[in-house]
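Dock chain B against chain A, hints included.
Protein chains: 2
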Amino acid sequence: MTKQQSHTIHFGNIVDGGLVLDEVLISLFKTPRSYTREDVVEISCHGSTYIIESIIKLLIKKGARSAKAGEFTLRAFLNGQLDLSQAEAVADLIASNSKASQQVAFQQLRGGFSSQLQSLRDQLVQFASLIELELDFAEEDVEFANRDQLKKLIREINGVIRNLIRSFELGNAIKQGVNTVIAGRPNAGKSTLLNALLNEERAIVSHLPGTTRDTIEEVLNINGINFRLIDTAGIREATDAIEQIGVQRTMEKIGQSAILVYLFDVNEITVEELKQDIESLQKPGVKMIVVANKIDLLESGSKKVDFSDGDAASTQLSKLSDFRTFGLSDFLAISAKEKQHIDKLKQKIYSAAIKDKLTGDETLVTNIRHLEALQKTEEALMRVLKGMDTVTSDFLAMDIKQALHYLGEITGAVTTDDLLENIFSKFCIGK
Amino acid sequence: MTKQQSHTIHFGNIVDGGLVLDEVLISLFKTPRSYTREDVVEISCHGSTYIIESIIKLLIKKGARSAKAGEFTLRAFLNGQLDLSQAEAVADLIASNSKASQQVAFQQLRGGFSSQLQSLRDQLVQFASLIELELDFAEEDVEFANRDQLKKLIREINGVIRNLIRSFELGNAIKQGVNTVIAGRPNAGKSTLLNALLNEERAIVSHLPGTTRDTIEEVLNINGINFRLIDTAGIREATDAIEQIGVQRTMEKIGQSAILVYLFDVNEITVEELKQDIESLQKPGVKMIVVANKIDLLESGSKKVDFSDGDAASTQLSKLSDFRTFGLSDFLAISAKEKQHIDKLKQKIYSAAIKDKLTGDETLVTNIRHLEALQKTEEALMRVLKGMDTVTSDFLAMDIKQALHYLGEITGAVTTDDLLENIFSKFCIGK
Chain A
2 MTKQQSHTIH FGNIVDGGLV LDEVLISLFK TPRSYTREDV VEISCHGSTY
52 IIESIIKLLI KKGARSAKAG EFTLRAFLNG QLDLSQAEAV ADLIASNSKA
102 SQQVAFQQLR GGFSSQLQSL RDQLVQFASL IELELDFAEE DVEFANRDQL
152 KKLIREINGV IRNLIRSFEL GNAIKQGVNT VIAGRPNAGK STLLNALLNE
202 ERAIVSHLPG TTRDTIEEVL NINGINFRLI DTAGIREATD AIEQIGVQRT
252 MEKIGQSAIL VYLFDVNEIT VEELKQDIES LQKPGVKMIV VANKIDLLES
302 GSKKVDFSDG DAASTQLSKL SDFRTFGLSD FLAISAKEKQ HIDKLKQKIY
352 SAAIKDKLTG DETLVTNIRH LEALQKTEEA LMRVLKGMDT VTSDFLAMDI
402 KQALHYLGEI TGAVTTDDLL ENIFSKFCIG K
Chain B
2 MTKQQSHTIH FGNIVDGGLV LDEVLISLFK TPRSYTREDV VEISCHGSTY
52 IIESIIKLLI KKGARSAKAG EFTLRAFLNG QLDLSQAEAV ADLIASNSKA
102 SQQVAFQQLR GGFSSQLQSL RDQLVQFASL IELELDFAEE DVEFANRDQL
152 KKLIREINGV IRNLIRSFEL GNAIKQGVNT VIAGRPNAGK STLLNALLNE
202 ERAIVSHLPG TTRDTIEEVL NINGINFRLI DTAGIREATD AIEQIGVQRT
252 MEKIGQSAIL VYLFDVNEIT VEELKQDIES LQKPGVKMIV VANKIDLLES
302 GSKKVDFSDG DAASTQLSKL SDFRTFGLSD FLAISAKEKQ HIDKLKQKIY
352 SAAIKDKLTG DETLVTNIRH LEALQKTEEA LMRVLKGMDT VTSDFLAMDI
402 KQALHYLGEI TGAVTTDDLL ENIFSKFCIG K
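Chains as they are written, first to last, in the numbering used here: chain A, 2 to 432; chain B, 2 to 432.
Here chain A stands alone, though its shape is the one from the complex (with noise of 0.2 Å):
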């Protein structure tokens, strides 16, 4: 091996003894050019059960022994060629299911979130800094640093500590799909709604089984972002209105989403039972989208509505029937049977979810344990804040120290067993 140059590739066979276990090719990685920084060595063998096994099991007699989970990324991170959050960033990667969290699992991976962490620990040590040097000065009562600059430091950096928190929303609804209820009486046509939806839709469709074996959810792409969505089918059946029977399970898996699609048949309901639906399912923090189906039954012609423009029809229908009298005017116009307006309606989706276009460059939280850190290093930042004037500088840098470790804990620049233990665990066997 030692002869070989790294990043080269060997044809030969595997031998035990004298019997030829197959014929292989080996992948050569050496020291410090592979992933772990240690040499490695790939072998690449036919694909038959049997012989896999055969070669695991001549490694292992030689004294090879099978990787733990996580391991190599281990390895890579305990040898410096990844943080923490990049390692983090490779099981995020192979999990990626949509070009969103494609996207930000690579720009964790590349270093985005992590080199925007160390510019916030710079900052911080800096300010330390100063705070220490009137430590060792203490007796003499001076102040090394202005309390004013301080305290717009320390403010700079809880905003962008800030902004990394609220992040978390989008970056975890990218991570994991956005989860979008839709939810209506029955025959409001919601089944019609979900088959329009996922029919037009070119990207990955697919069952998911859900947290609860009797929900199927349906994945939507729009834009790269993929949106779980959640039918109540279920309930409707054995139900005639929403709030008769099933709101409880209806509203515990609002509760459980970002978004909730409300349909109705606007040939069927009154203006009254409208409000009372809106009023049961409304929910804070899960944002609400009103959508009337089955315009393609109503008599066009007699109510003036150009059902050619969804906006328009919503604004007009709203001017011309009884759901002015509720105030209504912000509810989209559909007919699901006859695909009308399908489009803006997911536009409205996709916007509900995220406010801007993603531009691809922006760092997103997507992981609880970062957004966690990320909240300990805020109190504790705020803790400073409020001290600054009152306390000592020995508690102004004690407080700044933990600042620092929360942080650190994000890119394992402090670490602790446990805590590798927990995060590669999760990981494959093998990565």
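The set of hints was computed from the structure by calculation and includes no laboratory data. None of these values were measured; they are calculated from a predicted model. Even for Gly, the Cβ is constructed at its ideal location relative to N, Cα and C. Do not take every clue at face value.
[Stated by the list, open to error] DSS-like cross-link-like pairs, simulated, lysine-lysine; straight-line CA separation at most 30 Å:
#	chain 1	residue 1	chain 2	residue 2
1	B	Lys402	B	Lys152
2	B	Lys31	A	Lys4
3	B	Lys402	B	Lys345
4	B	Lys31	A	Lys31
5	A	Lys62	B	Lys345
6	A	Lys31	B	Lys4
7	A	Lys58	B	Lys345
[To be verified] Residues from chain A shown here face chain B by an in silico Cβ test under 10 Å; the list is partial:
#	residue
8	Gln6
9	Ile10
10	Lys432
[As the list claims (entries may be wrong)] Rough simulated footprint, nothing fancy, chain A against chain B, three-plus residues with beta-carbon under 8 Å:
#	stretch
11	45-51
12	93-99
Relative to the frame of chain A, chain B by itself:
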């Protein structure tokens, strides 16, 4: 690519416009040092379905197309890297699930079979050229080839071919596994025996769904050969004695098998019943192993049987008990429950399938296409032999050409598009 050396690995990004799809490793194999002898590039990306799909889409956009099943191996064959029987061995190697099946496929991949066929072809070509020479001088009634020597040569060639044909039984058993039915009356201990056979087994043991959905087979590996154990348990539950009901289904299963393990409870059965069972279960071509079970329940003291040795016990049992009246001396006495003499039974099962220990060097025919070609070759050669004294040289030459044609079909010296299509469409994609 032209600037890079063959068998090198390169790290980089796959980029679609401005968008980085993934960090990847590219392995380079340059003509003729690749599997297909063409320039080959392999991309190793992160294992996310989304990423894989994106990269494939990009490649297709850039003019690539998906490979057809077996296309790489077909190209390897068409470019002279492998002959046809070697190409087929690639699929066999991937499907191999035991030491023996891996060895047979590997021997074929390495060209063991091919070179044997080549030497046969060479001899036949030599023979043919002598006959052709006679044709050229037909009017002069010359015999360049001594008829007796020619006959000897043909007989020798046919002897080799017949051995190859005969090897198919073993070769096929090794490749497919040896079907082994366990039959016996209710409570003979069949399931206990099955468990005893499998529990002691340290090699790969798995449930294989059978050809019909209700048949579950257990695979037992003995000395590197897979035996597919077929329990007839499903039948016995509904019956009192084998001959009464499920005989038909049992007989069907026995008919599809190479080995029948007939198990009886030595304490429960009468010699008459035993005789009936054995007679009714006998089937031509199926080797029967008669096994007396539950010797642990015999009052061994009174019968002075030494059960420490299965064979000796069988001999003594057959002398002591009524079984000798049936003349049944060739049975094995075991206790499935106490796991006594299970190893002896395994050796009996193995010996029933494999006469001589395999050395790993023998050429075994495992492919039904090869078998048929060899049979046709043999027939053609028999015609040559029969015609030697009676027909004219031109007829002899025709038959020899036929024999050469059939031999050539095996290695692909003679092929048709249909034949290639038929062979390679059974490969998986990417092979």
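Evaluation of the provided hints:
no. : hint                 : in the structure
1   : B/Lys402 to B/Lys152 : holds, 16 Å
2   : B/Lys31 to A/Lys4    : holds, 22 Å
3   : B/Lys402 to B/Lys345 : violated, 50 Å
4   : B/Lys31 to A/Lys31   : holds, 22 Å
5   : A/Lys62 to B/Lys345  : holds, 29 Å
6   : A/Lys31 to B/Lys4    : holds, 22 Å
7   : A/Lys58 to B/Lys345  : holds, 27 Å
8   : Gln6                 : holds, 8 Å
9   : Ile10                : holds, 4 Å
10  : Lys432               : holds, 8 Å
11  : 45-51                : holds (count 5)
12  : 93-99                : holds (count 6)
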